[in-house]
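Line by line, the protein sequences are chains A and B.
For the first sequence, our numbering begins at 57 and goes up steadily by one.
For the second sequence, our numbering begins at 57 and goes up steadily by one.
No lab work stands behind these hints, which were simulated from the structure alone.
Please read all numbers here as calculations on a predicted model, not as lab measurements.
Misleading hints may appear alongside valid ones.
Copies of the same chain look alike in the list, so a pair counts if it works inside one copy or between any two.
To be verified - Cross-link-like lysine-lysine pairs, in silico, DSSO-like; alpha carbons within 30 Å at most: (1) K92 x K375; (2) K321 x K254; (3) K254 x K205; (4) K118 x K183; (5) K118 x K192; (6) K183 x K205; (7) K380 x K358; (8) K357 x K183; (9) K347 x K357.
Number of protein chains: 2
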Amino acid sequence: MTEENGFSCPLPFHENAVVTLAHGGGGSLTHQLIEKIFRPAFDNPDLETEHDSAIIEVGAGKLAFTTDSYVVQPLIFPGGDIGSLAVNGTVNDLAMSGARPLYLSAGFILEEGLAMETLWSVVQSMKQSALSAGVKIITGDTKVVDKGKGDGIFINTSGIGVIEQGVAIHPSQIQSGDEILLSGDIARHGMAILSARKDSGFQNQIESDCASVAGEVLSLLDAGVRCLRDLTRGGLATALIEISGSAGVSIEINESEIPVQENVKGACEILGFDPLYVANEGRFVAFVNPKDTAQALSIMKKASADARKIGRVTEPAGKRVTLKTRAGSSRMLNMLSGEQLPRIC
Amino acid sequence: MTEENGFSCPLPFHENAVVTLAHGGGGSLTHQLIEKIFRPAFDNPDLETEHDSAIIEVGAGKLAFTTDSYVVQPLIFPGGDIGSLAVNGTVNDLAMSGARPLYLSAGFILEEGLAMETLWSVVQSMKQSALSAGVKIITGDTKVVDKGKGDGIFINTSGIGVIEQGVAIHPSQIQSGDEILLSGDIARHGMAILSARKDSGFQNQIESDCASVAGEVLSLLDAGVRCLRDLTRGGLATALIEISGSAGVSIEINESEIPVQENVKGACEILGFDPLYVANEGRFVAFVNPKDTAQALSIMKKASADARKIGRVTEPAGKRVTLKTRAGSSRMLNMLSGEQLPRIC
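When you get a sec, could you build the whole thing from the sequences and use the hints?
Right under this line is the structure:
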């Protein structure tokens, strides 16, 4: 039994146990991995470890279905790890469609030589995140690739959520005049990953905003929200540019209304990043009819005091996203062609 | 425009175009990948490329949900590629639960430097396999990892299928006396992968059995089948050992009834593999009440003339799987602890 990262690992593995190719071979070592690590962590009545699929009962209606693979480096960072990210990221994608997240799958691609303790710790984190978000992990898969053909742990989570009757959250619902609400301060996740990298040369500890927003979003659905979008890869700017294109509308936002923590702002300035394009993992924007803004904002402020109105949908023509800067000028936001920060999720 | 593997690639990429980290960054190159490769291939009314989840309508009842990651090497092999494998493998897992496969997700983890032409060709193969199996790919994700941190292409597919009322396919349904039917000759997929490897030193071309069995299985459901299991990692022996354990029954099979192609048998002998433990990707066993054997077998023989009855469920005690050899002796089959063939799926 060893202690690391605050976990005590009750595995019958010796202290320096590592994942081998045979753990992915479908034989007795694969079964040991399931019985000793996955089944105890993900235990629930719908979990299926002895058959090819999990079986769930649903009522007639609409379901949301989504998938994401997670390849973040480092695997563990301030405010989270690849496990919490893999649960919260997919939970949030379901929530952004107006769905109540219910079930997740978990597919692991492990690199030969991975410390068993690291896998265990990541799986414990998935367990905790799933409990917090109110979802069940009910089906899974493990593959192992040769050393040097992977990078520790990659995780795919796919998710199923149920959409209540009458809920229609989509870019096509957006109307001219809608107001845009932001759920909190931005750019923390991307800068937390960057500052956690050994080669970043950056000492300032920034904590990721990685969290489930499903509870907050379910309350918002009653407040007449028309569209939601989480601000992951590409950050706030990319999310708004995508929505502007999909919905065929223009958008105007005010830089002075967009909260960025001082240490995050400082890190962005030093390292040359624009916080508007830096990834978040627990932040979203909501598009609402102005008559619903007060109610929606009061719900959002309960989750984060930094939530605020940052702009509005203007005339449909142009499909532009315009930023009113602090200095009083305006500039158009464009999609980045390159990669700001590889492997932040 | 280039021609390779019988495909003509209509991409606006130059002939030597490769995947870069920026293709996974969520910016304009990610969008280009979606618009030029994924959307045209997976086009269907339920495909969602502009929102966080796909939305599907379902009737009240039972759904099957499953996931698998695919890390096969080489990416392209006789009889299939990682794309057809990723579709058929997950389709077959749904079918093994008695479900009609309906929807798939597709999560790609690409290695920086991958030839764009290879990605395109694999995606075309997924398109064809999905059409053949009658499933729609409706949601997806792409990540790119640095060169040397992946291995060309890894694919996760998760799947949703619907289970008709009254269908209950599970190890717990198996009864003493049930007969065991095998859907065709075994061990081709594993040996096809092995012989396709550059370092195998093996020239004999063996074609994988990779295929959807969903159509065949849906017909079988009307013939009163009690349990189904596909014979993937670990092959026929591992599948039967797992079922014996889950169902709490013993199983007896006859070696002389198990079809293995001559070239596959030869390759196994030369290379030291037991065909009973070699992976298949289009083969399964069905457990049936003896009164239903004739009907079930006639359905299975339509899909493969090699389908046949290979054994039966004996007394519950012991949970043993026994092989009656051609020589007339008996031996107990045990789960392998090691890895016969890494990365065959």
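Hints, one by one, checked against the model:
no.	hint	in the structure
1	K92 x K375	between (53 Å within a copy, 22 Å between copies)
2	K321 x K254	within (20 Å within a copy, 52 Å between copies)
3	K254 x K205	both (21 Å within a copy, 17 Å between copies)
4	K118 x K183	both (27 Å within a copy, 25 Å between copies)
5	K118 x K192	both (19 Å within a copy, 16 Å between copies)
6	K183 x K205	both (27 Å within a copy, 27 Å between copies)
7	K380 x K358	within (27 Å within a copy, 68 Å between copies)
8	K357 x K183	within (27 Å within a copy, 45 Å between copies)
9	K347 x K357	within (17 Å within a copy, 66 Å between copies)
The structure agrees with every numbered hint stated previously.
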